[in-house]
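Peer 1: Sequence:
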Amino acid sequence: MEKNFNIAFIDILRFIWRGLLNALIAGAAVALLVYVISSALPPTYEARSTILVASNSPNLSAFDVLSPQAPSIDVSAYRTAALSAGNIEKVMQALGKTNISTKAIEKFRKSIKIHLEAGDNSSNIDIIASGKSPQEAQAKANLLAQSLVIYDKERFAKNSRDLATSLEHQIAILDSQIEALRSQGASLTEIQKRVDTRNRQQDQLTLARAQVDSPTGLVTIIESALLPYKPTAPKPLLNAIISFILASIISYGLLHLYESISSNSLNKEAEDLGLPILASFPKITGRKLPKEATNYLRTNLLHSSGEKKPKVILVTSPKDNEGKTSVALSLAESFVRNNNNTLLVDANLRHPSIAKAYKLMASRLGHTSIETWLGNPREAKGVVRMPVADKSLYIIPSFGAKPELAEQLGSNLKDALESWKNQYDIIIFDSPAVLKVADSLAIAPYSTDTILVIDKQKSGPKQLKAAISVLKRANANLSGVILTNTK
Numbered sequence: 000m001e002k003n004f005n006i007a008f009i010d011i012l013r014f015i016w017r018g019l020l021n022a023l024i025a026g027a028a029v030a031l032l033v034y035v036i037s038s039a040l041p042p043t044y045e046a047r048s049t050i051l052v053a054s055n056s057p058n059l060s061a062f063d064v065l066s067p068q069a070p071s072i073d074v075s076a077y078r079t080a081a082l083s084a085g086n087i088e089k090v091m092q093a094l095g096k097t098n099i100s101t102k103a104i105e106k107f108r109k110s111i112k113i114h115l116e117a118g119d120n121s122s123n124i125d126i127i128a129s130g131k132s133p134q135e136a137q138a139k140a141n142l143l144a145q146s147l148v149i150y151d152k153e154r155f156a157k158n159s160r161d162l163a164t165s166l167e168h169q170i171a172i173l174d175s176q177i178e179a180l181r182s183q184g185a186s187l188t189e190i191q192k193r194v195d196t197r198n199r200q201q202d203q204l205t206l207a208r209a210q211v212d213s214p215t216g217l218v219t220i221i222e223s224a225l226l227p228y229k230p231t232a233p234k235p236l237l238n239a240i241i242s243f244i245l246a247s248i249i250s251y252g253l254l255h256l257y258e259s260i261s262s263n264s265l266n267k268e269a270e271d272l273g274l275p276i277l278a279s280f281p282k283i284t285g286r287k288l289p290k291e292a293t294n295y296l297r298t299n300l301l302h303s304s305g306e307k308k309p310k311v312i313l314v315t316s317p318k319d320n321e322g323k324t325s326v327a328l329s330l331a332e333s334f335v336r337n338n339n340n341t342l343l344v345d346a347n348l349r350h351p352s353i354a355k356a357y358k359l360m361a362s363r364l365g366h367t368s369i370e371t372w373l374g375n376p377r378e379a380k381g382v383v384r385m386p387v388a389d390k391s392l393y394i395i396p397s398f399g400a401k402p403e404l405a406e407q408l409g410s411n412l413k414d415a416l417e418s419w420k421n422q423y424d425i426i427i428f429d430s431p432a433v434l435k436v437a438d439s440l441a442i443a444p445y446s447t448d449t450i451l452v453i454d455k456q457k458s459g460p461k462q463l464k465a466a467i468s469v470l471k472r473a474n475a476n477l478s479g480v481i482l483t484n485t486k
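The sequence shown begins at 0 in numbering that gives the first Met the number 0 and counts up one residue at a time.
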């Protein structure tokens with residue numbers, strides 16, 4: 000589990016590194032563009048006014064007076080009232096706006112934010128208005144606050160008018176009752192009771208009429224909007240930072256999409272060309288591939304090309320550093336574990352890697368090198384014997400870059416190969432990239448199997464198709480494709 004986690008973490012770091020330059024360029028370009036555009040935008044200012052909404056009006060019941068009260072409403076109703084089309088239209092008119100359309104009202108509404116803070120005995124309402132100038136923002140916030148005060152007073156005035164109308168009707172009835180009692184000769188006590196009731200209602204009527212003329216209401220402005228001294232938007236630097244981050248993320252997303260599409264296209268291209276995918280290997284540290292996966296590759300290769308021996312297997316790739324050396328030496332060891340007498344030949348005369356992988360020294364083993372064999376192929380030479388489990392892998396290494404010997408691959412390799420075929424069941428060549436130099440093409444005609452190793456993060460369908468075309472022109476017997484650095 001820990002090893003898999005380490006591999007996954009390394010893959011993530013490699014992915015980040017692959018896309019870092021593009022992400023930085025994209026992020027910087029977008030951030031600069033956003034900064035310039037944001038700086039050119041007109042400023043927006045915000046002003047805040049705060050109002051207090053009491054839960055109840057003054058209670059005069061202790062003075063035996065019925066105080067007119069409007070029905071209590073939820074504090075959120077004040078927000079609805081403030082943002083209503085009718086109220087906004089009045090505010091816009093107060094600001095000097097004319098020809099007010101529905102679209103203009105909606106735009107105005109979007110420039111307003113109302114925050115509510117409800118309590119048991121009172122509630123606070125913050126009205127935040129934005130405008131193109133400090134004066135506009137301040138005026139909008141204050142006018143909206145005043146509109147709520149007016150709205151609440153109108154509620155109280157309406158309730159007082161309704162109460163006054165009701166009291167006037169009740170007083171008229173009492174006047175009729177008092178007149179009737181007097182005409183009927185009723186007792187003074189009974190008549191006085193009606194008179195006292197009428198007097199109380201008359202007092203209430205006077206109070207109700209006073210509330211109609213000067214309603215108190217529950218809403219009070221506790222903080223009027225001040226003139227804002229700096230704009231709240233745009234924020235060029237903040238916008239640029241956010242844009243940089245988003246552009247970088249999108250850049251990595253596009254990279255992942257591109258690699259996924261390329262990967263799928265690579266598989267499809269191989270299938271369209273009639274080549275099987277012999278194996279897929281994730282990116283791993285070190286030279287050797289997992290034994291189980293390499294054994295699977297060996298089985299697929301034998302199934303693809305048959306069991307006939309000796310086998311001469313050429314391992315190449317479109318470009319350098321695609322994992323062909325790891326495939327070659329790991330496949331060779333797999334054949335050894337399967338009881339096959341196996342020879343691994345480092346035919347990469349320009350960038351040899353087998354000697355380094357097995358820590359072979361030229362000072363001690365120079366007589367066993369491919370250079371020696373190519374110099375006089377008919378004369379018997381030594382080979383390096385490396386233990387693999389309880390068996391041996393035989394190696395002909397190459398020490399140092401010797402590109403001048405590449406011509407001898409075509410002229411002398413055939414004789415050396417005939418000698419090797421008499422001694423070994425499996426002969427595996429680790430060769431240079433086929434699209435870079437022609438060395439692999441000199442070996443291809445003598446090989447029973449040619450394996451093309453493709454790094455999915457480095458080569459795409461175009462490189463795969465080009466490599467296959469070159470190898471086919473050299474009469475290579477293509478057995479299949481091995482994918483490395485898969486996800």
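Derived by calculation from the structure, the hints in this document are not laboratory data. Keep in mind the model is a prediction, meaning the values are calculated, not measured. Wrong hints could be hidden among the right ones.
[To be verified] Simulated pairs of lysine-lysine, DSS-like, Cα-Cα distance not exceeding 25 angstroms:
#1 Lys-413 with Lys-358
#2 Lys-435 with Lys-420
#3 Lys-282 with Lys-358
[What the hints assert, rightly or not] Taking CB as the label site, the calculated pair distances span:
#4 Ala-76 with Thr-97: 41 to 51 angstroms
#5 Ala-76 with Leu-245: 31 to 41 angstroms
#6 Ser-71 with Leu-237: 36 to 46 angstroms
Even glycine gets a Cβ: it sits at the ideal position worked out from N, Cα and C.
Peer 1: If a hint holds in the structure, say so; if it doesn't, say that too.
Peer 2: Now the hints, each set against the structure:
no.	hint	verdict
1	Lys-413 with Lys-358	28 angstroms, violated
2	Lys-435 with Lys-420	28 angstroms, violated
3	Lys-282 with Lys-358	22 angstroms, holds
4	Ala-76 with Thr-97: 41 to 51 angstroms	30 angstroms, violated
5	Ala-76 with Leu-245: 31 to 41 angstroms	40 angstroms, holds
6	Ser-71 with Leu-237: 36 to 46 angstroms	43 angstroms, holds
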